[in-house]
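Protein chains: 6
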Amino acid sequence: MSNLSHFDEAGRSRMVDVGDKGETKRVAVAKGEVKVKAKTLDLITAEEIEKGDVLEVARVAGIMGVKKTSDLIPMCHPLLINGVDVKFNIFKEEARIEIIATAKTTGKTGVEMEALTAVSTAGLTIYDMCKAVDKEIEIGEIKLLKKTGGKSGTYLADE
Amino acid sequence: MSNLSHFDEAGRSRMVDVGDKGETKRVAVAKGEVKVKAKTLDLITAEEIEKGDVLEVARVAGIMGVKKTSDLIPMCHPLLINGVDVKFNIFKEEARIEIIATAKTTGKTGVEMEALTAVSTAGLTIYDMCKAVDKEIEIGEIKLLKKTGGKSGTYLADE
Amino acid sequence: MSNLSHFDEAGRSRMVDVGDKGETKRVAVAKGEVKVKAKTLDLITAEEIEKGDVLEVARVAGIMGVKKTSDLIPMCHPLLINGVDVKFNIFKEEARIEIIATAKTTGKTGVEMEALTAVSTAGLTIYDMCKAVDKEIEIGEIKLLKKTGGKSGTYLADE
Amino acid sequence: MSNLSHFDEAGRSRMVDVGDKGETKRVAVAKGEVKVKAKTLDLITAEEIEKGDVLEVARVAGIMGVKKTSDLIPMCHPLLINGVDVKFNIFKEEARIEIIATAKTTGKTGVEMEALTAVSTAGLTIYDMCKAVDKEIEIGEIKLLKKTGGKSGTYLADE
Amino acid sequence: MSNLSHFDEAGRSRMVDVGDKGETKRVAVAKGEVKVKAKTLDLITAEEIEKGDVLEVARVAGIMGVKKTSDLIPMCHPLLINGVDVKFNIFKEEARIEIIATAKTTGKTGVEMEALTAVSTAGLTIYDMCKAVDKEIEIGEIKLLKKTGGKSGTYLADE
Amino acid sequence: MSNLSHFDEAGRSRMVDVGDKGETKRVAVAKGEVKVKAKTLDLITAEEIEKGDVLEVARVAGIMGVKKTSDLIPMCHPLLINGVDVKFNIFKEEARIEIIATAKTTGKTGVEMEALTAVSTAGLTIYDMCKAVDKEIEIGEIKLLKKTGGKSGTYLADE
Numbered sequence: 037m038s039n040l041s042h043f044d045e046a047g048r049s050r051m052v053d054v055g056d057k058g059e060t061k062r063v064a065v066a067k068g069e070v071k072v073k074a075k076t077l078d079l080i081t082a083e084e085i086e087k088g089d090v091l092e093v094a095r096v097a098g099i100m101g102v103k104k105t106s107d108l109i110p111m112c113h114p115l116l117i118n119g120v121d122v123k124f125n126i127f128k129e130e131a132r133i134e135i136i137a138t139a140k141t142t143g144k145t146g147v148e149m150e151a152l153t154a155v156s157t158a159g160l161t162i163y164d165m166c167k168a169v170d171k172e173i174e175i176g177e178i179k180l181l182k183k184t185g186g187k188s189g190t191y192l193a194d195e
Numbered sequence: 037m038s039n040l041s042h043f044d045e046a047g048r049s050r051m052v053d054v055g056d057k058g059e060t061k062r063v064a065v066a067k068g069e070v071k072v073k074a075k076t077l078d079l080i081t082a083e084e085i086e087k088g089d090v091l092e093v094a095r096v097a098g099i100m101g102v103k104k105t106s107d108l109i110p111m112c113h114p115l116l117i118n119g120v121d122v123k124f125n126i127f128k129e130e131a132r133i134e135i136i137a138t139a140k141t142t143g144k145t146g147v148e149m150e151a152l153t154a155v156s157t158a159g160l161t162i163y164d165m166c167k168a169v170d171k172e173i174e175i176g177e178i179k180l181l182k183k184t185g186g187k188s189g190t191y192l193a194d195e
Numbered sequence: 037m038s039n040l041s042h043f044d045e046a047g048r049s050r051m052v053d054v055g056d057k058g059e060t061k062r063v064a065v066a067k068g069e070v071k072v073k074a075k076t077l078d079l080i081t082a083e084e085i086e087k088g089d090v091l092e093v094a095r096v097a098g099i100m101g102v103k104k105t106s107d108l109i110p111m112c113h114p115l116l117i118n119g120v121d122v123k124f125n126i127f128k129e130e131a132r133i134e135i136i137a138t139a140k141t142t143g144k145t146g147v148e149m150e151a152l153t154a155v156s157t158a159g160l161t162i163y164d165m166c167k168a169v170d171k172e173i174e175i176g177e178i179k180l181l182k183k184t185g186g187k188s189g190t191y192l193a194d195e
Numbered sequence: 037m038s039n040l041s042h043f044d045e046a047g048r049s050r051m052v053d054v055g056d057k058g059e060t061k062r063v064a065v066a067k068g069e070v071k072v073k074a075k076t077l078d079l080i081t082a083e084e085i086e087k088g089d090v091l092e093v094a095r096v097a098g099i100m101g102v103k104k105t106s107d108l109i110p111m112c113h114p115l116l117i118n119g120v121d122v123k124f125n126i127f128k129e130e131a132r133i134e135i136i137a138t139a140k141t142t143g144k145t146g147v148e149m150e151a152l153t154a155v156s157t158a159g160l161t162i163y164d165m166c167k168a169v170d171k172e173i174e175i176g177e178i179k180l181l182k183k184t185g186g187k188s189g190t191y192l193a194d195e
Numbered sequence: 037m038s039n040l041s042h043f044d045e046a047g048r049s050r051m052v053d054v055g056d057k058g059e060t061k062r063v064a065v066a067k068g069e070v071k072v073k074a075k076t077l078d079l080i081t082a083e084e085i086e087k088g089d090v091l092e093v094a095r096v097a098g099i100m101g102v103k104k105t106s107d108l109i110p111m112c113h114p115l116l117i118n119g120v121d122v123k124f125n126i127f128k129e130e131a132r133i134e135i136i137a138t139a140k141t142t143g144k145t146g147v148e149m150e151a152l153t154a155v156s157t158a159g160l161t162i163y164d165m166c167k168a169v170d171k172e173i174e175i176g177e178i179k180l181l182k183k184t185g186g187k188s189g190t191y192l193a194d195e
Numbered sequence: 037m038s039n040l041s042h043f044d045e046a047g048r049s050r051m052v053d054v055g056d057k058g059e060t061k062r063v064a065v066a067k068g069e070v071k072v073k074a075k076t077l078d079l080i081t082a083e084e085i086e087k088g089d090v091l092e093v094a095r096v097a098g099i100m101g102v103k104k105t106s107d108l109i110p111m112c113h114p115l116l117i118n119g120v121d122v123k124f125n126i127f128k129e130e131a132r133i134e135i136i137a138t139a140k141t142t143g144k145t146g147v148e149m150e151a152l153t154a155v156s157t158a159g160l161t162i163y164d165m166c167k168a169v170d171k172e173i174e175i176g177e178i179k180l181l182k183k184t185g186g187k188s189g190t191y192l193a194d195e
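Protein chains in written order, with the working numbering: chain A, 37 to 195; chain B, 37 to 195; chain C, 37 to 195; chain D, 37 to 195; chain E, 37 to 195; chain F, 37 to 195.
It is worth saying that the hints were derived from the structure and are not from the lab.
There could be a bad hint or two in this list.
If several chains are the same, the list does not tell them apart, and a pair holds so long as it fits within one copy or across any two.
Said to hold, decoys possible - Straight-line distance between alpha carbons at most 30 Å, and here's what the computed DSS-like set of lysine-lysine pairs gives: (1) Lys128 / Lys144; (2) Lys171 / Lys187; (3) Lys57 / Lys75; (4) Lys171 / Lys71; (5) Lys128 / Lys57; (6) Lys123 / Lys144; (7) Lys144 / Lys61; (8) Lys61 / Lys128; (9) Lys187 / Lys75; (10) Lys71 / Lys104; (11) Lys71 / Lys144; (12) Lys182 / Lys128; (13) Lys123 / Lys61; (14) Lys171 / Lys57; (15) Lys75 / Lys128.
Let's have the full structure, built from the sequences with the hints guiding it.
Here you go:
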């Protein structure tokens, strides 16, 4: 029967040994979205025109979040990150901001958690900067879009 | 016109000065959920019966995440946390785990970001521990349920 | 004779006990500058016109650096920061960027190290983002401009 | 035209992808200086004779600062550090302390930011330990002296 | 019956709510010891005479460790530290180094964990710096000597 | 004569250069123990039967502590950890808990400090969660049991 690998035969949590896995180039793309009020999105996009920029601060936070992933998530392996980018797509009518984060590494384990942490941290940062004007913000649909590299090969989410 | 307070008159981002705000007792409750496959939820709940426990590891991660909030979110003020708890409700038929985090402080600013970071970190930890058996996990509906204390008073989400 | 307070009578380093000091509102303003090639400054200011912005990334880094001050500097007391801002003045003819950081707290010790760490971190971030095109960048003249609050009262640098 | 590589074609900040760069041995040497009052330098050098030692605390801080570099600087890649040393040269007549830091790695990107962060952190630590007796301390002339390894080869500052 | 307060009625771990506790001045003194080979202790004490100093590096590590306590220990509350000192007593005949750490705060919870973390971190640092010449080092007898402040009053270990 | 390698010829502390060492698979096993009152051990083991679990929280803390090792210990090299596990053996009559931690890496330096930090952090976490009911807890006998990999080969403690 399939079991969760983060536990040993006695049910004890552990950081799985990846010592026998080869180092391969790995990429993961994750997404998420932040749903705000229409008025809040207007403020965010208005700021964008000027120098100050909610999304640029959120982008920096997302990129830095990648480097904190293994510190935040107990069983997650530390990785040397090759590169990160975080993009935002604005859906005006639906008053939501889509966050797409790509993380890359050359290593023994996948880089999904890093991409997902970038999305989550960028989302929390948008929330923080807008919460004074909008208490109903919702962060959601955080999931993996794509994963390449490693023994399990390429994964592509249905969408 | 209402403006985002994390930017000054010239549009520069800043950490807002809260020096004139009083110290009050503050509580925030946030929620989120993790949607998994039915089979994954079976594994999580089966583990729970034994000693190893996905949700207990996620709980510890969520509580520790609270203490990293101001390190993760650029404009977020550091706070002395009075207490945290993180609970999980399992909805078997819908194959989802609801995460409810409560954070408390006595301070000059609200503790919403801490509660939301607990939810997000616990969710990412569940994801990490189950990703080997389920690549379609989705973390979502992260939002504030309740907030008390401070000048703006009590906020209760419609639900 | 005056002695360095971070050492005890036997010459051992220590974190000085500030338990008997009162909590007062404190502000510190520090400055520093980054000297670059004229061509590098052109690139920085050109970027500024578009969305990407070296100085905005450096500003975020400087603000976040404030929150890491007591983790970086061994004998430095942790403080609850009330607010931070980081500004840049561009001197085109001299090809230098002046960084001015203001940090505020209500606490038992001064907030100079936080303002200075903001300046230093913002300067290093500008360096990092421009080093591919300019290897001769110099960060300098990091010093305290002003300090208010606490028993020793107001300090103003000659300038 | 030359562009800043930390931004993509749309001007968005990013952590540059170094996945195709080879791992080579890399060394960077950086310098900086701390200008103090003559009396302050006397105290520092007097302490040095006894067990307590401003410069030894600053050296430890500088070495530890190297390990925090990618956490401080947003677009900086994490690196596995092979070795660090931090030295101080005292110029008594000019009342200044020169800081020389050497950082070494085997990796895909250069180790300049690490050497510069060591210098900056050591400088801030000297400042912190002497600020009670000298409010006019200035940290300056932080720059790269030498860099070897990697595709761009050896760089030597004019001096 | 007495229960462990870090668990709620359902057995879930939590960070206990200290919101109703008053802020008082608190001091904790902890000890520990490092047992080494006689030859190792000779090297440590010989170094001490010169500028380099195992114990001074360990002291700095212990003081910095205090500031990382709530990041290391899951249910531990963050505290604003008022002061720390770390002392070493050398017992030559028994080839052991006693570590005594004192931590002080004004806060809602005790500062024992901080004093104990200082001792433990200083001990690990001595271990690290001597492990190349001595693989049988043992760190032990880490315990609380004294605790004052707070509702439970003064505690003094028998010794 | 043998010298402490963490100091250069002038007695200055440094992070030793390991650039010429090869990357090999390395394992370290460390142990330690926590001595508690019989009544405290009863509470710990009683909790274990239910969902909440002192030892599971301590295990998570120990695993996460591994990833903070080079941040805690000044001269310690950062390492990419391949895997960690932390086990507890309960000696009921002697009222003590033995902690055994295993850390694995593929790297240029040994992983002893990581295994020892896991033991120490797990021990401090047990202390923290039980200190309200037992002020006489003692953490001790922290030492290396086994070490494999690297140029110096296998080490096995006498026991």
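Right, here's what the structure says about each hint:
In this assembly of identical chains, the alpha carbons of Lys128 and Lys144 never lie at most 30 Å apart, being 40 Å within a copy and 34 Å across copies at closest. For the identical chains of this complex, Lys171 and Lys187 are inter-copy neighbours only, at 15 Å across copies versus 44 Å inside a copy, given an alpha-carbon limit of 30 Å. In this assembly of identical chains, the alpha carbons of Lys57 and Lys75 lie at most 30 Å apart only when taken from different copies (27 Å versus 50 Å within one copy). When the C-alpha separation of Lys171 and Lys71 is checked against a cutoff of 30 Å, the pair qualifies both within a copy, at 11 Å, and between copies, at 24 Å.
In this homomeric assembly, Lys128 and Lys57 never come within 30 Å of each other (Cα to Cα): the closest approach is 44 Å inside a single copy and 35 Å across copies. In this assembly of identical chains, the alpha carbons of Lys123 and Lys144 lie at most 30 Å apart whether taken from the same copy (26 Å) or from different copies (25 Å). For the identical chains of this complex, Lys144 and Lys61 are neighbours both inside a copy (9 Å) and across copies (13 Å), given an alpha-carbon limit of 30 Å. For a Cα distance limit of 30 Å, the shortest separation of Lys61 from Lys128 qualifies neither inside one copy, at 36 Å, nor across copies, at 37 Å.
Taking identical chains as interchangeable, the C-alpha atoms of Lys187 and Lys75 lie at most 30 Å apart only when they sit on different chains, with a minimum of 23 Å there against 46 Å within one chain. Taking CA atoms no more than 30 Å apart as the test, Lys71 paired with Lys104 passes in both settings, with 25 Å inside one copy and 24 Å between copies. For the identical chains of this complex, Lys71 and Lys144 are inter-copy neighbours only, at 27 Å across copies versus 35 Å inside a copy, given an alpha-carbon limit of 30 Å. In this homomeric assembly, Lys182 and Lys128 come within 30 Å of each other (Cα to Cα) both inside a single copy, at 25 Å, and across copies, at 27 Å.
In this assembly of identical chains, Lys123 and Lys61 lie within 30 Å of each other by CA distance solely inside one copy; the values are 22 Å within and 33 Å between copies. In this assembly of identical chains, the alpha carbons of Lys171 and Lys57 lie at most 30 Å apart only when taken from different copies (20 Å versus 45 Å within one copy). For a Cα distance limit of 30 Å, the shortest separation of Lys75 from Lys128 inside one copy, 10 Å, qualifies, whereas the shortest one across copies, 37 Å, does not.
In summary, the numbered hints that this structure violates are 1, 5, 8.
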